[in-house]
Amino acid sequence: MAKPTIPQGTRDFGPEVVRKRTYILHTIKTVFELYGFQPLETPAMENLDTLMGKYGEEGDKLIFKILNNGLDNPEKEKQVREEFEKVLQGKNTKGITERALKYDLTIPFARFVAMNHQQLHFPFKRYQVQPVWRADRPQKGRYREFYQCDADVVGSQSLLNEVELASIYHEVFTRLGLNGYELRINSRNILAALAEICGGADKLTDITVAIDKLDKIGLEKVKEELVQRGLNSSQVSIIEEYLGIRGSNPEILSGLSKLIDNSKTGKKGIDELSYLSSQLASGQLHLVIDPTLARGLNYYTGIIFEAKAPAGVKMGSIGGGGRYDDLTGLFGVPNIPGVGISFGVDRIYDVLEELQLFPADVHVGTQLLFFNLGEAESKKAFELLQQLRQRGIRGELYHEVAKFDKQFKYAEKKHIPFIVIVGEKELATQTCTIKELATGRQQSVSFTDLKHHNF
RNA sequence: GUGGUUGUAGCUCAGCUGGUUAGAGCAUCAGAUUGUGGUUCUGAGGGUCGCCGGUUCGAACCCGGUCAGCCACCCCA
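Read in this note's numbering, the first sequence has 556 at position 442, and its numbers run on one by one without any break.
I should point out that these hints are in silico values taken from the structure, not numbers from a laboratory.
Incorrect hints may appear among the rest.
As the list claims (entries may be wrong) - Ranges of calculated distance between the beta carbons of each label pair, as one might list FRET restraints: (1) Q500 - A542: 15 to 25 Å; (2) P245 - E172: 16 to 26 Å; (3) V277 - K372: 18 to 28 Å; (4) L234 - Q342: 36 to 46 Å.
Claimed, not checked - Result set (BS3-like, lysine-lysine): computed pairs, CA atoms no more than 30 Å apart in a straight line: (5) K517 - K494; (6) K517 - K539; (7) K493 - K527; (8) K205 - K190; (9) K179 - K254; (10) K378 - K168; (11) K208 - K192; (12) K337 - K428; (13) K134 - K527; (14) K143 - K254; (15) K179 - K168.
Beta carbons are placed, not taken as given, at the ideal position from N, Cα and C, and that holds for glycine.
Model the full structure from these sequences, guided by the hints.
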């Protein structure tokens with residue numbers, strides 16, 4: 115029998131890891147709820163039609179397709195072979211595959227809203243935490259199965275939603291102890307205005323894709339890429355001037371005004387950014403207006419967000435999002451605008467690990483362990499244990515009579531903070547001995563008092 | 001999808017220019033220790049050297065293929 119394996123790019127999560135991940139996810143969900151967001155879950159698989167063409171050409175290639183059943187039916191052999199020929203030419207065909215694993219949470223959400231918009235009360239605020247799948251080649255921080263953690267508001271144009279979402283980022287990162295995080299914002303309208311000035315709205319995608327790489331490849335390479343993408347030298351120098359806008363938020367706003375204020379779209383973008391920064395200026399939010407922030411996704415139309423790990427941690431974005439004006443339009447229901455954010459759970463995990471920000475008690479599952487020291491002893495211990503469980507205290511009785519040494523080690527391995535000894539002496543005196551492992555402190559408590567004892 | 005790199009015990013790794021029975025530390029189990037863990041000491045178990053094939057008298061080592069991990073690119077979370 116060959117050793118079992120798991121599919122490429124997938125992971126098992128052991129108890130210790132699950133506890134840490136749960137801590138992160140619980141924190142995020144709690145904050146979502148605090149802001150009035152409601153939970154939603156959608157199926158692991160969607161109809162292929164729902165997903166295809168929504169993520170661009172590259173995205174389509176990375177969708178995990180599910181093979182239809184019954185392809186081996188001899189009666190259909192000829193038809194199946196013909197259909198498969200089409201697959202070899204790069205076309206998708208319902209004869210071979212008509213379902214796929216979901217690629218993100220946004221498109222399934224849009225599909226859900228399009229299907230149910232008559233029943234929903236707007237604005238509809240939902241959060242969703244589920245795995246998604248991509249047929250990408252795995253590498254550092256990238257997996258074929260990973261969790262996304264999204265919150266979106268649909269059915270409202272109000273910028274107050276952006277304010278709320280920015281506050282959610284702040285609240286979550288603060289609760290996780292990531293005080294040095296940075297929330298960068300920009301507006302797609304600013305970028306659109308820049309494209310206008312550079313002589314063509316059709317250049318928007320080329321410009322955003324190139325600018326998005328600034329952090330990684332530097333100014334010179336970005337300029338090269340812009341030229342490659344068909345921009346002339348005067349257009350490139352306008353973009354260079356734009357990328358050179360730096361300083362405090364007010365300074366950046368005035369810099370932007372000088373460059374693009376006579377564009378109507380540009381003015382709208384500046385208004386959005388100044389509204390957001392003024393609304394949030396009073397708090398401790400680390401809000402930074404960043405003209406170089408672009409984000410690859412094409413469907414964004416207004417404010418865009420990107421959350422960065424504290425400086426010094428070699429980790430880029432730990433969250434992102436933005437406003438889209440017409441997501442459900444793809445599914446035949448126009449005019450439902452929305453704005454959403456996403457948390458990168460795996461990356462946040464790595465950052466918390468690196469900065470040692472997981473709480474010390476994150477591993478504590480079982481709170482106390484009763485030692486098993488004989489038949490009569492364990493019978494009494496079990497009775498006491500059941501009383502404590504009634505109170506909601508998580509406890510265990512060691513599964514068999516064993517030496518102290520073994521039972522201690524079991525408690526240590528499971529990070530159980532307290533052990534309770536009920537042995538011959540304790541039975542005689544109707545008391546038990548409670549020991550706190552971390553400190554070695556020990557105390558004697560009567561069987562009747564144990565019920566109310568605080569651990 | 002393209003390219004690079006690694007694969008030896010549960011884990012981290014050593015293993016000389018190819019040479020007889022493949023090693024260490026940690027972990028596990030047992031004992032020192034029959035009511036007090038973390039330390040120490042003693043001993044034991046555990047490997048088809050990722051898998052398949054080739055070269056050779058002889059392969060963990062060389063060659064080809066394959067699978068998996070890691071890294072970079074494309075793209076993205």
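Against the earlier hints, flag every one the structure doesn't satisfy and list their numbers going up. none
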